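Generate coordinates for the entire structure from the input sequences, incorporating the hints supplied.
Heads up: the sequence shown runs through residues 0 to 197, numbered per numbering that gives the first Met the number 0.
No lab work stands behind these hints: they were computed from the structure.
It is possible that some hints are incorrect.
[Unchecked claim] Dumping the calculated BS3-like pairs for lysine-lysine here, alpha-carbon to alpha-carbon at most 27 Å:
| id | residue 1 | residue 2 |
| --- | --- | --- |
| 1 | Lys145 | Lys48 |
| 2 | Lys67 | Lys101 |
| 3 | Lys101 | Lys39 |
| 4 | Lys48 | Lys17 |
| 5 | Lys67 | Lys17 |
[Stated by the list, open to error] Simulated restraints, written as ranges between beta carbons of each label pair:
| id | residue 1 | residue 2 | range |
| --- | --- | --- | --- |
| 6 | Ile129 | Glu44 | 12 to 22 Å |
| 7 | Arg143 | Ile99 | 31 to 41 Å |
| 8 | Ser174 | Ser1 | 30 to 40 Å |
| 9 | Ile129 | Gln91 | 16 to 26 Å |
| 10 | Ile64 | Pro41 | 35 to 45 Å |
| 11 | Leu175 | His55 | 35 to 45 Å |
| 12 | Asn90 | Gly132 | 20 to 30 Å |
| 13 | Asp146 | Glu80 | 21 to 31 Å |
Quick caveat: nothing in here was measured; it's all calculated off a predicted structure.
From the three backbone atoms N, C-alpha and C, an ideal C-beta is built for every residue, glycine too.
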Amino acid sequence: MSYTQEQLAQAANEGSKKVAEAFERLSGISTSVDTSSVAKLPLSEILEKVNPNDEHAVVIYSQFIDAKPTPGISILLLSREGALALVDLLNQLPVGTTGIMKSIDRSALKETLNILSNSYMTALAEAVDIEVGLSVPNMITATRLKDILLNSTKIDENESSEGLLFKSEITIGQSLIQASLYIVFNKIFFQPEKENLE
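Laid out in C-alpha cells, this is it:
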C-alpha cells in the first residue's frame, strides 16, 4: 500500500475536522481535535507501541470488513481516566460522574473508535485507493491485548505488514482527552476474541 507522509498529514488534518464535528454534535460542547502525530510504521514497531503499560487502559478494536487492497484491524487505546471523562462528556454529564462503566458507557467508547477510524480512513481514502469498512467494535482488557500481541509474533515476515498511528488530543470544553488510534494492515493479523472490559 503506497501513500506519502504528505497524504497522511492531509488525512490527519481532514480527519481531525470530522472528529471534532462529530464529538461537538454528541457532547453539545465546543470541541477541537489536534492530531499531534501521524506515521506509517512497520508491524514490528506497531506491536511494540500498541502494548499498553497500564493494565487499566481501555482497549477498543474493530476488524476491517470489505477492505481493499488489504484487510486488517483498528485499535483504540485510552487511559481509564480519559475514557471515563469522555463517557461523561458524550453523555452530557459533569466530568467525574461515571466511576464504573455500564453497557451504555461502553457503547459510547465503541462509537468513539468508529468516529476516529472512519474519519481518518475516509480522509485517507480520498487521497489513495483504499476501501475500509469496520465491523462492530468490541472491548478487551489490556491484559488480553498483551496475550494477543505475544501470539502475533508468528506473523509471516514475507506478508505485507504495516500500520498507521494517529495520536489525537481531543479537547471538549475544558477537558483534554488523549487517544492513540492504530490502523494495522495485514491479512493474517490477529483476530481478538470478544471480551468485556469491566
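query: Lying within 12 to 22 Å: is that true of the beta-carbon distance Ile129 to Glu44?
result: holds, 21 Å
- prompt: Does the Cβ-Cβ separation between Ser174 and Ser1 fall within 30 to 40 Å?
  reply: Holds: the Cβ-Cβ distance is about 38 Å, inside 30 to 40 Å.
- request: For the range 35 to 45 Å, tell me whether the beta carbons of Ile64 and Pro41 fit it or not.
  value: violated, 25 Å
- prompt: Is the gap between the beta carbons of Ile129 and Gln91 within 16 to 26 Å?
  reply: violated, 35 Å
- prompt: Asp146 and Glu80, beta-carbon distance inside 21 to 31 Å?
  reply: For Glu80 against Asp146, whose Cβ atoms are near 24 Å apart, the range 21 to 31 Å holds.
query: Given the hint that Lys67 pairs with Lys17, does the C-alpha gap stay at or below 27 Å?
result: holds, 22 Å
Pair hint Lys101 and Lys39, alpha-carbon separation not exceeding 27 Å: violated, 35 Å
- prompt: Does Lys67 pair with Lys101 here, judged by a C-alpha cut-off of 27 Å?
  reply: Distance of about 35 Å is beyond 27 Å: violated.
task: Given the range 35 to 45 Å, decide if the beta-carbon distance of Leu175 to His55 lies inside it.
output: violated, 19 Å
message: Lys48 and Lys17 were given as a pair; does the straight-line alpha-carbon distance stay at or below 27 Å?
response: holds, 25 Å
field: Hinted pair Lys145 and Lys48, Cα distance within 27 Å
entry: holds, 11 Å
- request: Mind checking the hinted window 20 to 30 Å against the Cβ distance between Asn90 and Gly132?
  value: holds, 27 Å
Consistency with the previously given hints fails for numbers 2, 3, 7, 9, 10 and 11, ordered from lowest to highest.
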